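Chains E and U supply the protein sequences, listed in that same order. The numbering of the first sequence is this note's numbering, which starts it at 1 and goes up by one. The numbering of the second sequence is this note's numbering, which starts it at 1 and goes up by one.
Keep in mind that the hints were calculated from the coordinates and are not lab data. Since the structure is predicted, the reported quantities are computational estimates derived from the model, not experimental observations. Using N, Cα and C, we set each Cβ at its ideal position, and we do this for glycine too. One or more of the hints may lead you astray.
Stated by the list, open to error - Distance condition first, Cα-Cα at most 27 Å in a straight line; then the derived DSSO-like pairs of lysine-lysine:
hint : chain 1 : residue 1 : chain 2 : residue 2
1    : E       : 7         : E       : 135
2    : E       : 297       : U       : 38
3    : E       : 150       : E       : 273
4    : U       : 168       : E       : 297
5    : U       : 168       : U       : 206
6    : E       : 105       : E       : 354
7    : U       : 163       : E       : 273
8    : E       : 135       : E       : 73
9    : E       : 150       : E       : 262
10   : U       : 206       : U       : 159
11   : U       : 218       : U       : 232
12   : E       : 104       : E       : 7
13   : E       : 246       : E       : 135
14   : E       : 297       : U       : 163
15   : E       : 246       : E       : 7
16   : E       : 290       : U       : 232
17   : E       : 246       : E       : 354
18   : E       : 105       : E       : 7
19   : E       : 290       : U       : 218
20   : U       : 206       : U       : 218
21   : E       : 73        : E       : 246
22   : E       : 290       : U       : 159
23   : U       : 168       : E       : 273
24   : U       : 163       : U       : 206
25   : E       : 136       : E       : 246
26   : E       : 328       : E       : 136
27   : E       : 290       : U       : 38
To be verified - Distance windows between CB atoms, simulated:
hint : chain 1 : residue 1 : chain 2 : residue 2 : range
28   : E       : 475       : U       : 118       : 49 to 57 Å
29   : U       : 184       : E       : 234       : 42 to 50 Å
30   : U       : 96        : E       : 512       : 34 to 42 Å
Residues per chain, in single letters:
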Amino acid sequence: MSASVTKIYIPRDTTALAMGADRLAREIAAEAAHRGETVEIIRNGSRGLFWLEPLLEVETRAGRIAYGPVENKDIDSLFDQSFLLGETSHPLCQGLTEEIPYLKKQQRLTFARAGVTDPVSLEDYQQLDGFSGLKKALLMDGQAIVDEVKISGLRGRGGAAFPTGIKWQTVLNASPGATGQKYIVCNADEGDSGTFADRMVMEADPYMLIEGMTIAGLAVGADQGYIYLRSEYPVAHQILNEAIAKAETAGFLGTNILGSGKTFNLEVRLGAKAYICGEETSLLESLEGKRGMVRAKPPLPAIVGLFGQPTIVNNVLSLAAIPYILSKGGQAYADYGMGRSLGTLPFQLAGNIKQGGLIELAFGVTLRELLEEYGGGTFTGRPMRAVQVGGPLCAYLPESQWDTPMDYEAFQAIGAGLGHGGIVVFDDTVDMSEQARFSMEFCVAESCGKCTPCRIGSTRGVEVIDRIRNNENRTANMELLSDLCETMIDGSLCAMGGMTPFPVQSAVKYFPDDFNQQPKNSEGGA
Amino acid sequence: MSIQITIDGQPVAAEEGHNLVDVAAENGVYIPTLCYLKGHPCLGTCRVCSVRVNGHVAAACSVPVADGMQVEVETTELADMRKALIEFLFSEGNHNCPSCEKSGRCDLQATGYEVGMMVSRFPYRFPVRERAVVADHIWLERDRCIFCQRCVEFIRDRKTDQKIFSIKGRGSTAQIEINTELANAMPPEQVREAADICPVGCILEKGVGFNDPIGQRKFEIQSVRERALGDKKK
Chain E
1 MSASVTKIYI PRDTTALAMG ADRLAREIAA EAAHRGETVE IIRNGSRGLF WLEPLLEVET
61 RAGRIAYGPV ENKDIDSLFD QSFLLGETSH PLCQGLTEEI PYLKKQQRLT FARAGVTDPV
121 SLEDYQQLDG FSGLKKALLM DGQAIVDEVK ISGLRGRGGA AFPTGIKWQT VLNASPGATG
181 QKYIVCNADE GDSGTFADRM VMEADPYMLI EGMTIAGLAV GADQGYIYLR SEYPVAHQIL
241 NEAIAKAETA GFLGTNILGS GKTFNLEVRL GAKAYICGEE TSLLESLEGK RGMVRAKPPL
301 PAIVGLFGQP TIVNNVLSLA AIPYILSKGG QAYADYGMGR SLGTLPFQLA GNIKQGGLIE
361 LAFGVTLREL LEEYGGGTFT GRPMRAVQVG GPLCAYLPES QWDTPMDYEA FQAIGAGLGH
421 GGIVVFDDTV DMSEQARFSM EFCVAESCGK CTPCRIGSTR GVEVIDRIRN NENRTANMEL
481 LSDLCETMID GSLCAMGGMT PFPVQSAVKY FPDDFNQQPK NSEGGA
Chain U
1 MSIQITIDGQ PVAAEEGHNL VDVAAENGVY IPTLCYLKGH PCLGTCRVCS VRVNGHVAAA
61 CSVPVADGMQ VEVETTELAD MRKALIEFLF SEGNHNCPSC EKSGRCDLQA TGYEVGMMVS
121 RFPYRFPVRE RAVVADHIWL ERDRCIFCQR CVEFIRDRKT DQKIFSIKGR GSTAQIEINT
181 ELANAMPPEQ VREAADICPV GCILEKGVGF NDPIGQRKFE IQSVRERALG DKKK
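Could you build all of it, start to finish, from the sequences and the hints given here?
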């Protein structure tokens, strides 16, 4: 056995690190040395099966075998039960990774390589189809690339679901003026509650994002790209910078990409922990070194964007879908999905859920399938009561709505949204009036303060909900809350104030009892 | 290019790309505004000019007109929304008109009258924000600031084009700041301009006050609506 090297995969993804992956990797290496086993530990990205993290994989003849969640105390028994030889008797053994139903049932287009590869290995990336989209794009003119994206039906994955191809066309057509400069900006300020898909792209498969942005640059004639990354993602920051440096050295970035004579430079810029900087115009202000304040539109960033130049601002997931679309063709992507929601969406299951993680599936799957088949019920084991889909600005849904297909239009029809695909689950102990209050409170904390309805409406909203919860003039205050929500929805400058009322209104609509009951902790009160 | 739009069902001729607030005023339709300053870029902060454009609510100051645009201004729902926005602003700060030096020439007060606001339906916040009195010729009564950002964008140092006013903090803890050094270099007419474009009594000129007797103040001579419409008033 001593001659052969066994490959062990332990993720370097933030979730895995939080669960002790670094220490696990060190201890496994030490134990292997102690026992005279030759192992190679590869720090891969996460597979997205977060409840199994740290998920350790061993390469065998049959394929990679998964063990998880592995703690340091399990190391001895793993070695004792010959896990390096592919013995599957250990209680933590999950069998072949690819056969775990949670993973096997998914349709992974964007996340095909996530967790499979060493994220910064150019060889791994290229072995699994990496840069084939870029190579095709280098032979196409800008319009042909944009047309391919239009055929794919890809819509902005940041939440607004604006057709990506149309945005690119606008930037392609826009005149950059005397400087000739256009920009590609990647919105990696992933701030919605319960979302981690962007982070997983950057930590598990950064070259895919680099390739997507480079293709965008080729499509519209931009030679400079920026990734606006939230500073809460230090691991992603490090991995992106490693990947960018390696890609430059290998000629996939920089001047003369793969000998084509074309140029694309890429830099990562860190945000400063403001939720509002995920809004594209605030993001641009911040990127320019100013306060993250929302700009009034028009003009659109596609025409007057970063430093006043035509700019594509796309979410990580939108740009990450591009290499597949160029490599396999727009139609191959459009073959997934339903109606006008084409392709796949990486859903992110979080909150009070037994099996949290990333589930990439074509649009059209129902929320119930995600919650029950994948999520396996609540973490606490209590009945589920409410689910917030799409982040802090989207509706709370009761069980009666869980059979709605995950589709932009179907969700819009029930007054909800898919947003960035984040799903946060609550059990029956949740007080929805408190959640409604939280929505307003979140807006108070995160509003840029530029427009009246968002800045003041949210502050007033917290107070009005407090009064309702305290039984003060309930009927009058419920009416006031409704007025306030309407004014915020219609009057706000951007989606921050314009969508904050959606969770509030849904809480009132679907969980009216929570607004009628006496306060839980009031004794001898009203 | 000359185009046609409709405002409240009435056909109106306009130049493409012109600002909807201006187009409406030229045709005798008053849209209340606070942050918008004719001839300057749109700020889009106060939202008081909210109207419906092709079915969607939008701030009129941020809308360049386009052919066939259908604009609704005078509907009960929109009028109530504009009133609610003014009420928001009154409830956010301390606007005690009888004791305010700006009374009678205050845009917020005048617009409040125009939209028919009597009292705010939203609870008053009564904030306590410290005054800024250090600059030589200007002081800030911060409780009255409505964050319109007119001063931030349009009052700049004449030599360097640097901003003299800025907003610090965010959301409900934001407040207006002044760069004392640059403020002290402002010529007297710029000091007056800053005080004049402030739509409330936040930016005040030191050494003057209550100059115009009651009955002869700006909006008593001519209402905010009449000023907006000029000779086009219906």
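Results for each hint:
The straight-line distance between the Cα atoms of residue 7/E and residue 135/E is roughly 31 Å, outside the 27 Å bound, and the hint therefore fails. A hinted pair counts as satisfied when its Cα atoms are at most 27 Å apart, and residue 297/E with residue 38/U qualifies at roughly 18 Å. Taking the CA atoms of residue 150/E and residue 273/E, the gap is near 33 Å; set against the 27 Å cutoff, the hint is violated. Distance check on the hinted pair: residue 168/U and residue 297/E sit about 23 Å apart at the alpha-carbon level, within 27 Å; holds.
The suggested pairing of residue 168/U with residue 206/U holds, with an alpha-carbon distance near 23 Å, which does not exceed 27 Å. Straight-line distance between C-alpha atoms of residue 105/E and residue 354/E comes to about 18 Å, which keeps the hinted pair within the 27 Å bound. A hinted pair counts as satisfied when its Cα atoms are at most 27 Å apart, and residue 163/U with residue 273/E qualifies at roughly 25 Å. About 47 Å separates the Cα atoms of residue 135/E and residue 73/E, which puts this hinted pair outside 27 Å; it is violated.
The suggested pairing of residue 150/E with residue 262/E holds, with an alpha-carbon distance near 23 Å, which does not exceed 27 Å. For the proposed pair residue 206/U and residue 159/U, the alpha carbon gap of about 23 Å is at most 27 Å, so the pair holds. The suggested pairing of residue 218/U with residue 232/U holds, with an alpha-carbon distance near 19 Å, which does not exceed 27 Å. For the given pair, residue 104/E sits about 22 Å from residue 7/E by alpha-carbon distance, which is consistent with the 27 Å threshold.
A threshold of 27 Å between alpha carbons decides the hint, and for residue 246/E with residue 135/E the separation of about 18 Å falls inside it, so the pair holds. Between residue 297/E and residue 163/U the CA atoms are separated by roughly 22 Å; this keeps the pair inside 27 Å, and the hint holds. At roughly 23 Å between alpha-carbon atoms, residue 246/E and residue 7/E fall within 27 Å of each other, so this suggested pair holds. Restraint check: the Cα-Cα separation between residue 290/E and residue 232/U comes to about 41 Å, which exceeds 27 Å; the hinted pair is violated.
With a CA separation close to 38 Å, the supplied pair residue 246/E and residue 354/E exceeds the 27 Å bound. Annotation: proposed proximity of residue 105/E to residue 7/E holds, straight-line Cα distance about 26 Å (limit 27 Å). For the suggested pair residue 290/E and residue 218/U, the alpha carbons sit about 36 Å apart, so the restraint of at most 27 Å is broken. Among the hinted pairs, residue 206/U with residue 218/U is consistent with the structure: their alpha-carbon atoms are about 19 Å apart, no more than 27 Å.
At most 27 Å may separate the alpha-carbon atoms for a hinted pair to count; residue 73/E and residue 246/E exceed this at roughly 37 Å. Between residue 290/E and residue 159/U, the direct Cα distance comes to roughly 21 Å. Compliance with the 27 Å bound is thereby established for this hinted pair. Taking the CA atoms of residue 168/U and residue 273/E, the gap is about 16 Å. The hint holds against a cut of 27 Å. For the hint pairing residue 163/U with residue 206/U, the CA-to-CA distance comes to about 20 Å; that is within 27 Å, so the pair holds.
Of the pairs offered as hints, the one joining residue 136/E and residue 246/E holds, with about 21 Å between alpha carbons and a cut-off of 27 Å not exceeded. Distance check on the hinted pair: residue 328/E and residue 136/E sit about 10 Å apart at the alpha-carbon level, within 27 Å; holds. Only pairs whose Cα atoms come within 27 Å are accepted, and residue 290/E paired with residue 38/U is accepted, the gap being roughly 25 Å. Between residue 475/E and residue 118/U the CB atoms are about 21 Å apart, so this pair departs from the stated range of 49 to 57 Å.
Checked against the hint of 42 to 50 Å, the C-beta distance between residue 184/U and residue 234/E comes to roughly 43 Å, which is consistent with it. Between residue 96/U and residue 512/E the C-beta distance comes to about 39 Å, which sits within the given range of 34 to 42 Å.
Of the numbered hints stated above, those contradicted by the structure are hints 1, 3, 8, 16, 17, 19, 21 and 28, listed in ascending order.
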